[in-house]
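Trainee: Listed below, chain by chain, are the residues.
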Amino acid sequence: MLRIHCPWCGPRDESEFRYRGDASSERPGPGASPEEFARFTYERANPLGWHLEWWLHVGGCRQLLKVCRHTLTHEIAAVGRPGDALKVPG
Amino acid sequence: MSDGPVRVGPGLLTRTTPLRFRFDGREYQGLAGDTLASALLSSGVRLIGRSFKYHRPRGLVTAGPEEPCALVELLGPCGLEPNRPATTLEIHDGLQALSQNRWPSLAVDLRAINGLLAPFLVAGFYYKTFMWPRSAWERLYEPAIRRAAGLGRLVPKDLSHAPAETVHAHADVLVVGSGAAGLVAARRLGDAGLRVLLLEQDVTSGGGTLLDPAWSTWRESQQRGLSPSVKVLTRTAAVGAYGHGVYAAFETLGIEESAALGGLRERLHVIRARRLVLASGALERHVAFPDNDRPGVMLAGAALAYLRRYGVAAGRRPVFFVNSDLAYEAVDAYLAANIRCLVVDPRRESLAADRARERGAEVRAGSLVTGVAGTRAVRGVRVESGGRGHWVGADALFVSGGYSPAIALASEAGTSLRWQEDICAFIAELEPGTGRIAGAARGLFGMAAAAEDGARAADAVIAELGAVPGAPPDSVQPDIERSPLTPLWDVGQPGKAFVDLQNDVTTEDVRLSAREGFEHVEHMKRYTTHTMATDQGRIGGLLGTAVLAAARGVAVAQVGQVRPRPYLQSIPFAALAGAEVGEHFKPKRRLPLNDWHEAAGATFVATGLWLRPLVYSREAGWGAVLAEARAVRSTVGVTDVSTLGKIDVQGKDAARFLDLVYANRFDNLPVGRARYGIMLREDGMLFDDGTTSRLGPAHYLVTTTTANSSAVLEHLEFQRQTVARELDVLLTDVTDEWAQFAVAGPRAREVVAAVVEELPLAATEFPFMAAAEAVVAGTRGRVFRISFSGELAYELAVPAREAERAFTAILEAGKAHGIVPYGLDALNTLRIEKGHITGAELNGNTSADDLGFARMLKREGDFIGKHLAGRPGLVSPERLQLVGVRPLDRRLRLRNGAQLVAPAAPAKSLGYITSSTPSVELEGWVGLALLSAGRARKGETLLAASPIHGEETAVEITSPHHLDPENLRVRA
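Sequence order for the protein chains is A and B. Take any residue in the first sequence, count from 1 to its spot, add 7: that is its number in my numbering. Take any residue in the second sequence, count from 1 to its spot, add 2: that is its number in my numbering.
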């Protein structure tokens with residue numbers, strides 16, 4: 008079970024959060040093509056290794072966290088706010 | 003000379019009052035502190051169960067939770083439970099256990115015929131044999147195989163109270179195992195001021211030191227010296243590692259504690275710790291030789307435990323078959339009990355053999371055991387030296403093939419394993435920052451080595467956690483010098499030699515697996531079921547690996563070991579469920595007005611977590627429902643809509659935010675007005691609907707469907723904090739803060755006027771879709787002129803605590819008009835007649851166009867879902883579209899889920915009925931349906947087919963708005 012260090016609440020169990028998917032891509036702007044929106048909506052890299060993802064602290068402060076997690080070891084290298092540019096290791 | 007096991011002394015048991023228990027109906031006696039295994043053994047019982055596949059007689063192999071064979075059914079207050087290891091069941095007066103997997107009795111098991119069929123019952127037999135014909139599998143093969151297979155029965159009896167609970171524990175360091183290494187580690191960690199949780203699966207702490215009298219004084223001093231910050235949990239096994247310092251442990255309560263806690267038997271501990279010290283010791287391995295499963299064949303360490311701990315000699319003429327000096331500890335113990343010992347050792351020479359000879363044992367060096375005589379008990383052992391074999395008489399055979407560090411908890415967490423040649427076993431290392439492995443669990447055998455290693459592990463953890471170590475550990479007597487072991491796996495004789503005793507997997511099965519191409523150890527596991535039993539192959543896992551390695555002609559290290567899975571011991575489902583059973587399975591959300599609804603005689607229905615009044619009657623059938631609906635259509639009714647999700651949206655950019663998340667516009671909504679809105683997912687499908695009211699220039703109140711309220715809040719928060727993170731807007735869930743009641747019907751205005759102050763209600767002044775704050779029944783509330791029923795309607799909102807006062811005021815005001823409260827069923831009848839959608843239509847597969855909302859999608863500006871909503875697949879005219887249906891024969895009913903088909907092509911579904919109800923407005927039933935190209939089919943006649951009811955009803959396709967399509971009533 009993941010223990011996520013919420014910047015607002017401290018270390019909390021995974022069960023307090025809702026996974027909200029890949030945080031590595033931003034929603035395209037209003038002028039983007041349907042193809043770009045299709046890529047944003049459907050295409051995922053599924054990496055073995057470090058992954059940026061959204062976790063919403065629904066059972067706590069309701070803040071959205073950007074989390075850098077290793078998909079194999081589950082290690083969490085960094086947790087930040089949505090606008091933060093997290094440093095992805097190696 | 004007499005034969006068989008016998009009690010020769012008290013061992014470590016202190017109370018000598020006999021306890022009476024029953025096994026297979028027969029009464030036996032044991033002593034307080036005995037396990038079922040030691041007590042049966044002390045009574046001379048060797049045959050305890052039958053094996054899984056061949057129904058071979060089986061006895062005790064181990065003295066701990068790793069036991070593969072001596073599993074029993076336990077008859078207790080909760081019923082009959084299977085697969086409890088006799089080796090861990092503490093006896094008490096009145097305990098009742100049954101042997102399992104035998105028919106008709108343990109001594110005479112007719113299914114032992116499987117043993118004669120053994121040449122055919124090889125690995126993969128079921129897959130290969132019962133393949134054809136396919137239809138016979140479900141009818142014939144599977145039921146028969148299921149009856150014959152499986153271990154034990156589960157017969158629940160009294161489930162009125164939960165026999166288990168879940169508790170949470172936090173610690174700086176979790177120490178697993180309380181042998182020499184764990185004890186020292188816990189003491190040092192505690193002395194450094196750290197909070198320590200020390201787990202011991204046994205009933206008392208001490209681990210291996212319990213079996214070595216020379217270490218009892220040291221052990222007691224360590225136990226006494228533990229700092230108060232060390233919490234010791236005995237009877238508690240670590241059963242899972244879940245990463246990030248989260249572990250699961252399973253505690254079985256002692257009989258006295260259980261009685262004091264009203265029958266609570268088990269605790270599942272969820273432990274969060276900063277570091278782990280894994281001092282779980284090592285597990286002795288079995289050796290593969292023909293008939294290595296006969297009752298009386300036991301691991302040497304188990305024989306030692308029964309003798310030293312419980313005072314029971316597992317045999318009086320034992321043969322030992324061992325490959326390491328460590329195993330001679332058991333020889334010493336039997337010699338000390340004046341029992342003659344014959345030791346068969348494949349090594350040419352060893353220090354321990356020399357010492358044993360001096361004490362009177364006969365040691366056959368350079369020899370192997372190659373067979374066992376006896377079926378239900380060992381009668382003799384075949385010993386082979388220098389190519390020549392002969393039989394010796396014996397009543398027990400104590401085996402040791404070496405020791406494997408008990409690292410299942412570490413490898414479960416994904417740690418990679420490393421082969422260590424000098425102990426012929428894999429060892430593990432924990433990931434950095436996770437903790438340390440210590441003692442025998444790290445391959446360091448011997449008490450002194452373990453104690454020193456425990457201190458080392460503790461010091462490393464103390465340093466990592468920045469604590470200050472206490473005084474240096476007590477010095478210990480050094481371990482005696484030991485000769486190296488020799489690898490001993492499969493003696494390579496023809497005959498049935500088991501590697502997995504619980505699943506009846508033999509060396510030949512493993513070799514067959516390799517021959518048929520299942521060479522990877524994980525493939526071999528699945529092909530043969532090796533290590534797939536409840537014991538997960540604790541004593542034979544590596545043995546199977548070694549046999550596979552030999553078959554492939556590679557080193558054991560190269561083959562590797564199968565990965566253990568949680569839970570590391572079999573634990574009852576009841577322990578996982580804990581208190582979350584029955585009424586406590588999930589929380590209930592009760593309406594603010596719950597007590598009133600109950601008193602009014604409502605039948606409740608669970609929608610999500612909510613309990614909602616379905617109808618104000620306890621009788622089944624449509625009568626009461628339709629009476630309620632009719633009252634709304636003819637005069638006035640009131641219903642509780644407090645479950646609708648309510649999200650308060652405030653901020654200078656509130657309008658811009660709503661325009662982003664809704665498909666229609668809200669920036670141009672005037673203050674004091676409400677508007678119906680639809681929300682899409684980014685993929686263009688409909689997500690939710692509801693009315694949103696503008697209460698101020700920068701203040702909106704969003705209403706969501708009951709079912710989606712939390713999902714919508716999450717969605718909105720997600721969008722607010724990502725796409726809209728530059729906007730000045732905040733969301734607050736006020737669902738529970740407001741109670742809300744819909745007053746609907748032609749007389750609604752008169753009723754509302756009587757309870758609302760400060761608000762002119764004339765249609766010109768407070769028209770359809772008006773919203774305002776007002777005094778409602780004497781309290782600050784809100785009034786919305788919105789309608790789900792299709793009638794003139796108002797929704798009145800008051801703070802939740804005022805719910806009952808407001809509701810009674812409404813009823814009082816409505817008395818003169820014949821007001822009735824109506825439930826969810828009547829609400830449903832009303833909305834189907836009106837053609838309003840709920841979750842049945844808004845089902846995640848429908849688009850805005852499908853449900854007739856295409857014109858609501860705004861042209862200007864971005865919104866979530868806009869870009870993919872126009873995909874050809876989502877606007878195709880062939881898609882399922884919302885329509886109304888009515889049976890042509892008005893006497894016939896409709897069915898939700900009935901498929902709509904053309905009479906000419908009845909095999910092709912064109913759509914299905916989503917909602918249906920008897921109508922109070924029209925004759926007969928009305929329904930809503932999703933129908934391919936539905937809007938173009940208005941006026942057509944189709945068949946509504948419901949094969950499971952044997953019905954085919956001719957229906958006409960209509961507009962979904964069965965009544966008042968011009969909205970005259972709601973605007974009245």
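For the record, the hints were derived by calculation from the structure and aren't laboratory data. Keep in mind the model is a prediction, meaning the values are calculated, not measured. Positions of the beta carbon are idealized from the N, C-alpha and C atoms, including for glycine. Misleading hints may appear alongside valid ones.
Said to hold, decoys possible - Cβ-Cβ distance ranges computed for the label pairs, FRET-style:
#1 A/ARG51 x B/ARG554: 37 to 43 Å
#2 B/ALA473 x A/MET8: 45 to 51 Å
#3 A/GLU33 x B/GLY863: 17 to 23 Å
#4 B/GLU806 x A/LEU55: 29 to 35 Å
#5 A/PRO37 x B/GLU621: 53 to 59 Å
#6 B/THR766 x A/GLY66: 54 to 60 Å
#7 B/LYS588 x A/ALA52: 50 to 56 Å
#8 B/TRP393 x A/MET8: 51 to 57 Å
#9 A/MET8 x B/ALA765: 55 to 61 Å
#10 B/GLY227 x A/GLU33: 54 to 60 Å
#11 A/MET8 x B/ILE482: 40 to 46 Å
#12 A/GLU23 x B/ARG857: 39 to 45 Å
Unchecked claim - If you want a taste of the chain B side facing chain A, the calculated C-beta under 8 Å gives, among others:
#13 GLY245
#14 PHE587
#15 GLN723
#16 THR724
#17 VAL725
#18 GLU862
#19 ASP864
Trainee: The hint names B/GLN723 as touching chain A; please verify it with the least Cβ-Cβ distance against 8 Å.
Mentor: 4 Å, holds
Trainee: Would the stated hint for B/GLY245 survive a check requiring a Cβ distance to chain A of less than 8 Å?
Mentor: Hint on B/GLY245: holds, closest Cβ of chain A at ~5 Å, below 8 Å.
Trainee: Next item in the hint list is B/ASP864. Is there a CB on chain A closer than 8 Å to its CB?
Mentor: Interface hint status for B/ASP864: holds (4 Å vs cutoff 8 Å).
Trainee: Given the range 45 to 51 Å, decide if the beta-carbon distance of B/ALA473 to A/MET8 lies inside it.
Mentor: 37 Å, violated
Trainee: Would you say the C-beta atoms of A/ARG51 and B/ARG554 sit inside 37 to 43 Å of each other?
Mentor: For A/ARG51 and B/ARG554 the Cβ distance comes to about 39 Å; the hint holds.
Trainee: Is the gap between the beta carbons of B/TRP393 and A/MET8 within 51 to 57 Å?
Mentor: For A/MET8 against B/TRP393, whose Cβ atoms are near 56 Å apart, the range 51 to 57 Å holds.
Trainee: Hint check: is the beta carbon of B/THR724 less than 8 Å from a beta carbon of chain A?
Mentor: With a minimum Cβ separation of about 5 Å from chain A (threshold 8 Å), the hint on B/THR724 holds.
Trainee: Is it true that A/GLU23 and B/ARG857 lie within 39 to 45 Å of each other by Cβ?
Mentor: The hint (39 to 45 Å, Cβ to Cβ) holds, given that A/GLU23 and B/ARG857 are roughly 42 Å apart.
Trainee: Is the distance from the Cβ of A/MET8 to the Cβ of B/ILE482 consistent with 40 to 46 Å?
Mentor: 44 Å, holds
Trainee: Grab the minimum C-beta distance from B/VAL725 to chain A and call the hint holds if it beats 8 Å, violated otherwise.
Mentor: 5 Å, holds
Trainee: In this structure, is the beta-carbon distance linking B/LYS588 and A/ALA52 contained in 50 to 56 Å?
Mentor: 36 Å, violated
Trainee: Could you see if the CB distance from A/MET8 to B/ALA765 stays within 55 to 61 Å?
Mentor: 58 Å, holds
The structure fails hints 2, 4, 6, 7, 14, 18 (numbered hints given earlier, in ascending order).
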